[in-house]
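Engineer: Protein chains in written order, with my numbering: chain H, 1 to 406; chain Y, 1 to 425; chain A, 1 to 232.
Keep in mind that the hints were calculated from the coordinates and are not lab data. One thing to keep in mind: the hints can contain errors.
[What the hints assert, rightly or not] If you anchor each label on the Cβ, the simulated ranges turn out as follows: (1) Y:Leu281 - H:Leu326: 39 to 47 Å; (2) Y:Val183 - H:Val133: 44 to 52 Å; (3) H:His342 - Y:Gly353: 37 to 45 Å; (4) Y:Gly97 - H:Ala362: 24 to 32 Å; (5) Y:Gly323 - A:Gln34: 25 to 33 Å; (6) Y:Gly353 - A:Ala21: 42 to 50 Å.
[Claimed, not checked] Using 30 Å as the maximum straight-line C-alpha spacing, the simulated BS3-like pairs for lysine-lysine come out as follows: (7) H:Lys108 - Y:Lys169; (8) H:Lys150 - Y:Lys173; (9) A:Lys211 - A:Lys165.
[As the list claims (entries may be wrong)] According to the in silico footprint, chain Y covers these stretches of chain H (three or more CB under 8 Å from chain Y): (10) 83 to 92; (11) 103 to 117.
For each residue, glycine too, the CB sits at the ideal point set by N, CA and C.
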Amino acid sequence: MLLELAIRNIRAHGRRSLLTILLGAVSTGLLVFSTAWMDGSHAQMIRNAVEIYPGYLQITGASFRESPSYEHLIFDVERLSGLLAREPGVADSSPRFESFVLFARDEKAVGGMLTGLVPAREAAVSRLRDSLVAGRYLEKGDSNQLYLGKELARRLGVGVGDELAFVGSGADYSFAADRLRVVGIFQTGLFDFDAASAFMAKDYFDTIMAAENQATHIIVQPRDPGQAPELARRLATLLGPEYQAASWRETMAPLVKAMEIDSLFGYLTLAVIFIVIFFVIMIYTLLLVYARIREIGIMRALGTTPGQVLTLLLLESALLGLLSVLLGGLIGGAFAYYYSVHPMVFASMEEQFRQYGLAVSAIPAAFAPLVILRDMALMYLLLLLSTLYPIIKVNGLPPIEAIHHV
Amino acid sequence: MSSLVLKMAWASLARRPTRSLLVVLMIAVSLWGLLLMQGIYDGMTEQMISNAIRSDAGHLSIFARGYRLDPSLDLLVEPEQGPAQEVAGGLGNEGPGLAASLAADPRVASHVVRLRQNGLVATSHYSRHAEIIGVELEGEQLQGRLADYLTTGKYDFGPKGKGAIIGHKLAAKLQVRLGGKIVVSAQDRAGELAGTALRVSGIIRTNNMGLDENAVFIDLARARGLLGVESGVSQLALLLAKGYGEEDLAALQGELRAGWPDLAVSRWDELYPALMQSRVLMRGFSLVVSGLVFGVAGLGIFGVMLVSVLERLREFGIMLAIGAGLNTIRKTILLESLLMGLAGFLAGALAGGLSLLYFRRFGLDLSVFSEALAEFGMDAVTYAIIRFSYFSEALAAVILATLVSVYFSLRVLGRSRPMAVINKG
Amino acid sequence: MAVFLELSGINKKFQPDKEVAVLALSGVELAIDQGEFVVISGPSGSGKTTLLNIIGGLDSPSSGEVRLADLLLTGLSERELSRLRRDHIGFVFQAYNLLPVLTARENIEYVMRLQGVGEPECRARSGEISAKLGIDSLLDKLPHQLSGGQQQRVAVARAVASTPKLVLADEPTANLDSKAAAALIDMMERLNDEEGVTIIFSSHDPMVIAKARRSVVLHDGRIVTNVRHDLS
Numbered sequence: 001m002l003l004e005l006a007i008r009n010i011r012a013h014g015r016r017s018l019l020t021i022l023l024g025a026v027s028t029g030l031l032v033f034s035t036a037w038m039d040g041s042h043a044q045m046i047r048n049a050v051e052i053y054p055g056y057l058q059i060t061g062a063s064f065r066e067s068p069s070y071e072h073l074i075f076d077v078e079r080l081s082g083l084l085a086r087e088p089g090v091a092d093s094s095p096r097f098e099s100f101v102l103f104a105r106d107e108k109a110v111g112g113m114l115t116g117l118v119p120a121r122e123a124a125v126s127r128l129r130d131s132l133v134a135g136r137y138l139e140k141g142d143s144n145q146l147y148l149g150k151e152l153a154r155r156l157g158v159g160v161g162d163e164l165a166f167v168g169s170g171a172d173y174s175f176a177a178d179r180l181r182v183v184g185i186f187q188t189g190l191f192d193f194d195a196a197s198a199f200m201a202k203d204y205f206d207t208i209m210a211a212e213n214q215a216t217h218i219i220v221q222p223r224d225p226g227q228a229p230e231l232a233r234r235l236a237t238l239l240g241p242e243y244q245a246a247s248w249r250e251t252m253a254p255l256v257k258a259m260e261i262d263s264l265f266g267y268l269t270l271a272v273i274f275i276v277i278f279f280v281i282m283i284y285t286l287l288l289v290y291a292r293i294r295e296i297g298i299m300r301a302l303g304t305t306p307g308q309v310l311t312l313l314l315l316e317s318a319l320l321g322l323l324s325v326l327l328g329g330l331i332g333g334a335f336a337y338y339y340s341v342h343p344m345v346f347a348s349m350e351e352q353f354r355q356y357g358l359a360v361s362a363i364p365a366a367f368a369p370l371v372i373l374r375d376m377a378l379m380y381l382l383l384l385l386s387t388l389y390p391i392i393k394v395n396g397l398p399p400i401e402a403i404h405h406v
Numbered sequence: 001m002s003s004l005v006l007k008m009a010w011a012s013l014a015r016r017p018t019r020s021l022l023v024v025l026m027i028a029v030s031l032w033g034l035l036l037m038q039g040i041y042d043g044m045t046e047q048m049i050s051n052a053i054r055s056d057a058g059h060l061s062i063f064a065r066g067y068r069l070d071p072s073l074d075l076l077v078e079p080e081q082g083p084a085q086e087v088a089g090g091l092g093n094e095g096p097g098l099a100a101s102l103a104a105d106p107r108v109a110s111h112v113v114r115l116r117q118n119g120l121v122a123t124s125h126y127s128r129h130a131e132i133i134g135v136e137l138e139g140e141q142l143q144g145r146l147a148d149y150l151t152t153g154k155y156d157f158g159p160k161g162k163g164a165i166i167g168h169k170l171a172a173k174l175q176v177r178l179g180g181k182i183v184v185s186a187q188d189r190a191g192e193l194a195g196t197a198l199r200v201s202g203i204i205r206t207n208n209m210g211l212d213e214n215a216v217f218i219d220l221a222r223a224r225g226l227l228g229v230e231s232g233v234s235q236l237a238l239l240l241a242k243g244y245g246e247e248d249l250a251a252l253q254g255e256l257r258a259g260w261p262d263l264a265v266s267r268w269d270e271l272y273p274a275l276m277q278s279r280v281l282m283r284g285f286s287l288v289v290s291g292l293v294f295g296v297a298g299l300g301i302f303g304v305m306l307v308s309v310l311e312r313l314r315e316f317g318i319m320l321a322i323g324a325g326l327n328t329i330r331k332t333i334l335l336e337s338l339l340m341g342l343a344g345f346l347a348g349a350l351a352g353g354l355s356l357l358y359f360r361r362f363g364l365d366l367s368v369f370s371e372a373l374a375e376f377g378m379d380a381v382t383y384a385i386i387r388f389s390y391f392s393e394a395l396a397a398v399i400l401a402t403l404v405s406v407y408f409s410l411r412v413l414g415r416s417r418p419m420a421v422i423n424k425g
Numbered sequence: 001m002a003v004f005l006e007l008s009g010i011n012k013k014f015q016p017d018k019e020v021a022v023l024a025l026s027g028v029e030l031a032i033d034q035g036e037f038v039v040i041s042g043p044s045g046s047g048k049t050t051l052l053n054i055i056g057g058l059d060s061p062s063s064g065e066v067r068l069a070d071l072l073l074t075g076l077s078e079r080e081l082s083r084l085r086r087d088h089i090g091f092v093f094q095a096y097n098l099l100p101v102l103t104a105r106e107n108i109e110y111v112m113r114l115q116g117v118g119e120p121e122c123r124a125r126s127g128e129i130s131a132k133l134g135i136d137s138l139l140d141k142l143p144h145q146l147s148g149g150q151q152q153r154v155a156v157a158r159a160v161a162s163t164p165k166l167v168l169a170d171e172p173t174a175n176l177d178s179k180a181a182a183a184l185i186d187m188m189e190r191l192n193d194e195e196g197v198t199i200i201f202s203s204h205d206p207m208v209i210a211k212a213r214r215s216v217v218l219h220d221g222r223i224v225t226n227v228r229h230d231l232s
């Protein structure tokens, strides 16, 4: 009976109920879409940052990440590659040998990173091959061919087909130098990376750098990138204490944290908007229950217990809240879905993204039904809470005062 | 009469204390949140901008034309060079030099010169790309209080100038500590590879990412020796004196461009466009959020005023019957909502202002996230900013929201004809 | 016959201000038997409403005792009082006392539904009572579709539908014209006869007062007259 009464009351105060529902729906929609947007953009930024070069999972020598010196290299790349190939969670793996050298061309010298890699295997763990803008990517059997970042090429004043030299030190600390020929130029969009990186086939690199069977990292592409942290733990036990396996969550920790902070500030800002919405809902609830105070007094006089009146009023706000979050969830979810399929493009903001080291201009929203449900549940609770005070306040009035309230 | 209107407005607010209080509280709390948000977000942006200005760009930076695209030692600024002007037999550079005219200009508080070259920095174990920046420490301190950025060590290159102050991220990557030996090498002006051994005398954290990751500050004279540059600098950065603003900056930029057409004169926001974009974005974002908040708050005020008008129709009818004008009633209602709006504004402005004062004095300490904040180029402790405009704009918004919501309530009053209500009993 | 309702030494003081105290009821002694048809009259402000509220457990006296069917009302909790009102007392108020979102039938059945009476039984009872009061054609209407007199008849039907021991009506005819008022009182009298329910109502309308079988007159919070007219 109370439920039916509640429904009739909601319908009897149609306009105010509608307004309350709309306010609640807007809040819910805003929360749902903001969450989808923030999660989506953060995931996209991280995915980009991870996939362009660092990879989902890195294997290094035991203390290489703390002190990246040639003493802590991986010295048995072949054996590890074999082990990794047999591990079911691993889709691909690729060794890299990174070293800092000075590139020189005519009068110019620029410091940068020269990395030896296995061209075909690298293509499976990073977007290096896809970032080609001129010439060609590295091939098996290449010798002194160089795949060069666009910005670095510009600084050195070289193009495809040009020659340049490098000086650095080999894995055995010996002096290493050679003449290299540019075969391809890449651009990832990560300015610093494009301005300081160059790659060559590892076979030839190993001969001039004395780095056979050695690597600074092995990059692992998990079958399910979402499972990278678990895979890292499994690989750590598999490979033993001489090696470290770190997922992107560790190697990119500052970026992950930065995204969390961004979310934190986003939610704080939303909170300011929600606070005022809740006040308005509270005020409207107060007005509504006071407008009905005589009616409530009569119900009490007829023998309705305070508990029953409370239940009735709570039922009403619970129903209104439910409609609000359903409507808001639907709207917010629809937007989230639309923008997850059609990412938003921010051509004008690339500069700002680049400042954060992110090569992104199209950002999809994340459409995650469970997260949407969580946001709806959260908003539902908050909506109920905002109606609680007026309801309890009016229910605390003695019936006689309620009947004679003016 | 007006005091009577005030009395009536006050009385009707006091008659429904919960309702009035909720409205006041609503305005106060949301204003508080908005003020905090604005002050702290602005604090963050301005801090990033200030870091970039202090540690690198100044308000204006002067480079040789083409240097920024191709930073080479062949493209230098000669601080002694006079402005371009017609002299007998063509163009010449007579008159006081660039540095001298900047020093004489009242609009310029200070200027510094830097000699920069990309190179390599190495310890016995590691080597990294680095930007070698020759600077004069006193000048840098005067201009950007560079010493404040030191996390450890001394703001000093030592008696023989063999010290180096390096960015903290670079130090971490090189695994070098205070007093540790580093070798910097770079191409000199003649194209030969030149190197020198230095000791780390200080480690610096500017939260200007480029510097923290790459900078090796060394003594300017030593840099000249190392790079074989006898005169000329890569960059001249100047700071505007207090009391001069955007327009003066633009004027100065124009004059410098006219006087030295072969030099590139860039404002800080041209060197760091992303920072300016952040500032604009933040403004827009604040505007949207404030608009939403005040719009919704207006809805709250409207609801209360509408009900308050409707339940007093009889009362208004009686007032009309005894000869009060409709204007008096309008004034009472308007005053009622203005009283609520102003009370909310005062409470919110007070709470927000005090909180901002606190955060301006002591800062908002987010050092838990310091590493992540550095990803954004932000300091761990944010000092809030307080601008008079926060309060004046908020006051205008509160009044506007109040007026709009009263307008709609009064329209309802106009339609419902209080005289008819009193006759109905 | 046993005393059904007994008020002894009832005082009710209202103190809106520290310096002002109003004695709304003073030394009220009243005993009413089961099945009586009582009117409480007196000028406005004489304490009629306060007295009815105290009898119905809506208000409590400052001092004194109220006994209803051997149950001491003073000292009961809000919840116990709600139960008491639901099960034993019917109320009719001056005006607007129907629940606006319920139809006439639902209003009549409301208290029975609160008591947990099943639907068929409620139907039967509302049918029976509305037939008696001549409102059976109005049962599916909402309160705002009814005239004032019709609304009050529905309110009376609701008050007696759950067969309470006592029906209290505070100025039930105040908003009605004299014809409707007389009809309402006649109807209440018939219910008193046929259902045996005790009815206490207040009024200041002489024509209405004349119809009661017992008249209690209040003046400044005191009972000044307490007489029984035997009409038979």
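Engineer: All hints are to be evaluated individually against the structure, with a verdict given for each.
Structural biologist: Structure-based check of all given hints:
About 33 Å separates the C-beta atoms of Leu281 (chain Y) and Leu326 (chain H), a value inconsistent with the hinted range of 39 to 47 Å. For Val183 (chain Y) and Val133 (chain H), the hinted distance range of 44 to 52 Å is not satisfied, since their beta carbons lie about 35 Å from each other. At about 44 Å, the CB distance of His342 (chain H) to Gly353 (chain Y) agrees with the hint of 37 to 45 Å. Separated by about 50 Å at the C-beta atoms, Gly97 (chain Y) and Ala362 (chain H) break the suggested range of 24 to 32 Å.
Evaluation of the 25 to 33 Å hint for Gly323 (chain Y) and Gln34 (chain A) yields a failure: the beta carbon distance comes to about 57 Å. The supplied range of 42 to 50 Å is met by Gly353 (chain Y) and Ala21 (chain A), whose beta-carbon atoms lie about 47 Å from each other. Among the hinted pairs, Lys108 (chain H) with Lys169 (chain Y) is consistent with the structure: their alpha-carbon atoms are about 26 Å apart, no more than 30 Å. Note on Lys150 (chain H) and Lys173 (chain Y): the hinted pairing holds, with a Cα-Cα distance of about 24 Å set against a maximum of 30 Å.
Simply put, Lys211 (chain A) and Lys165 (chain A) have alpha-carbon atoms about 21 Å apart, close enough for the 30 Å limit, and the pair holds. With 0 residues having a Cβ less than 8 Å from any Cβ of chain Y, the region 83 to 92 of chain H misses the three-residue criterion, and the hint is violated. Residues of the region 103 to 117 of chain H with a Cβ under 8 Å from some Cβ of chain Y number 9, which satisfies the need for three, so the listed coverage holds.
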